[in-house]
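**Student:** The lines below spell out each chain.
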Amino acid sequence: MINNDDLMAEIKKFRGKAIAIPTMTGSRGWLDSSEQPSRDVSVGGAMGKASNFAMGLALAQPDTKVVCFDGDGSLNMNLGTMMTIAGAKPKNLIHFVLNNGYFSVTGGQPIAAADEANFSQMAAGAGYAASYEFDNIEDFAGKVEEIFTAEGPIFVHIHSVPEIQNEPIGRRTRDPRNRSTNDAIKDLRKELGTL
Amino acid sequence: MQYIKYINNKVGKQNKCIYLLALEKHFYYIVSTVAILLNGEVLMTEQQAMLSPLTILDKIKENNVTHVIYLPDSETNHLFIAMEEDPNIEVITVGREAETMAIAAGVIVGGKIPVCLVQNTGMMESGDSIRGLGLDCNLPIVMIIGYRGWTRWGITPDSAARLTEPTLNAWGIQYYLVEHDGDADRITLAFQTAAATQKPVAVLVGDEYHGFNRMNLDEERKIIKEG
Numbered sequence: 001m002i003n004n005d006d007l008m009a010e011i012k013k014f015r016g017k018a019i020a021i022p023t024m025t026g027s028r029g030w031l032d033s034s035e036q037p038s039r040d041v042s043v044g045g046a047m048g049k050a051s052n053f054a055m056g057l058a059l060a061q062p063d064t065k066v067v068c069f070d071g072d073g074s075l076n077m078n079l080g081t082m083m084t085i086a087g088a089k090p091k092n093l094i095h096f097v098l099n100n101g102y103f104s105v106t107g108g109q110p111i112a113a114a115d116e117a118n119f120s121q122m123a124a125g126a127g128y129a130a131s132y133e134f135d136n137i138e139d140f141a142g143k144v145e146e147i148f149t150a151e152g153p154i155f156v157h158i159h160s161v162p163e164i165q166n167e168p169i170g171r172r173t174r175d176p177r178n179r180s181t182n183d184a185i186k187d188l189r190k191e192l193g194t195l
Numbered sequence: 001m002q003y004i005k006y007i008n009n010k011v012g013k014q015n016k017c018i019y020l021l022a023l024e025k026h027f028y029y030i031v032s033t034v035a036i037l038l039n040g041e042v043l044m045t046e047q048q049a050m051l052s053p054l055t056i057l058d059k060i061k062e063n064n065v066t067h068v069i070y071l072p073d074s075e076t077n078h079l080f081i082a083m084e085e086d087p088n089i090e091v092i093t094v095g096r097e098a099e100t101m102a103i104a105a106g107v108i109v110g111g112k113i114p115v116c117l118v119q120n121t122g123m124m125e126s127g128d129s130i131r132g133l134g135l136d137c138n139l140p141i142v143m144i145i146g147y148r149g150w151t152r153w154g155i156t157p158d159s160a161a162r163l164t165e166p167t168l169n170a171w172g173i174q175y176y177l178v179e180h181d182g183d184a185d186r187i188t189l190a191f192q193t194a195a196a197t198q199k200p201v202a203v204l205v206g207d208e209y210h211g212f213n214r215m216n217l218d219e220e221r222k223i224i225k226e227g
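Each protein sequence line maps, in turn, to chains A and B.
Under the numbering used here, the first residue of the first sequence is numbered 1, with each subsequent residue one higher.
Under the numbering used here, the first residue of the second sequence is numbered 1, with each subsequent residue one higher.
Calculated directly from the structure, the hints in this document are not laboratory data.
You may find that some hints are simply not true.
[Unchecked claim] Derived PhoX-like pairs (lysine-lysine); straight-line CA-CA distance at most 20 Å:
| no. | chain 1 | residue 1 | chain 2 | residue 2 |
| --- | --- | --- | --- | --- |
| 1 | A | 190 | B | 112 |
| 2 | A | 91 | B | 199 |
| 3 | B | 199 | A | 186 |
| 4 | A | 89 | B | 112 |
| 5 | A | 186 | B | 112 |
| 6 | B | 112 | A | 65 |
Make the full structure from the sequences, and use the hints.
**Tutor:** As structure tokens, this is what we get:
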């Protein structure tokens, strides 16, 4: 199992000017790690579409690396995205899934087929240029440079430590660094000069 | 053809008109002015002109679209072939319509111009993505929507058609109806509206080339009789 903070610390070393599109558990981990918030868009509540958003961005900005941090529940909601991405072949897209087996942000209910399904095999079968799977940080640290330099689309399946949130969403205090998707999109468009 | 023969036999010459339209060397469409009959009397005619797939493509290009994000339906294949042959447009096929909206959102943020091409059923399937990304994030996503079930005469058995405009109205999304080539400028208007409002805008394609309003005449008569 890989701790989210350790994972993000390794990724940060190779980020460069990559645009990051986290969602759900990925948003929490990335928020603590990122030093370029104007190049981050946390796509919250997208019902599994963060990877599609990242793919569209990657196609429109082909010279910029785009990294999506998907959740396992999110990806399960929209498994067809794998075939869409494989078909569109964005060479600059890296699609991570942080698989902890649970709907972490809704209290820790199990994901369907969490013990049976394998996302990295699905991605390979869908036709990603490469698909990786890691369950310890040392192995990931040894491959992260390759992941960031290879031609995509790349899929990376991370077995991550669950970080369950039990507080109802209405009672949670919003981290001020965690801008709304609308505000984050505005900031990124300003950064890219596309507003 | 049986349908057209039936009309030709029942309707005076002034009401019948058959067009043969060649679209490229291998595309031929037969379009007729169709009369709705009841007891031998002409009640009204359906649309008298058609919307060419190439007209839609011209408007897409005129508005500098770079990415067409698309889930096929059975009647848009000719448009798909024409788009695929155009080197200036990237055609992206998805597995489910809601993906089109999220991909379009990313394309817009990345500085390019997308259009989503889906059927009205797919628009409804895309609801949460239209809400969460298009509306909440102020993104000018233009959706060209096949108006399945559209009829011009007020009796609409297909719930996909009956619920299309109420759904768009509920979402507060501006829309334009395009039935034939003469309406094609409304596609440009949709792009202009989306850019001005920074909101999603829909173009509803209610046209026979989509085939959505080709009902069986016997069914139409039955519906009229049953009120």
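**Student:** Next step is simple, just say for each hint if it's right about the structure.
**Tutor:** Tested hints:
1. 190(A) / 112(B): Between residue 190(A) and residue 112(B) the Cα gap is close to 14 Å, so the pair holds against 20 Å.
2. 91(A) / 199(B): Outside the cut-off at roughly 30 Å; violated.
3. 199(B) / 186(A): 14 Å, holds
4. 89(A) / 112(B): 17 Å, holds
5. 186(A) / 112(B): 15 Å, holds
6. 112(B) / 65(A): Given pair residue 112(B), residue 65(A) holds - Cα atoms ~17 Å apart, limit 20 Å.
Hint 2 from the earlier list is the only one contradicted by this structure; the remaining hints agree with it.
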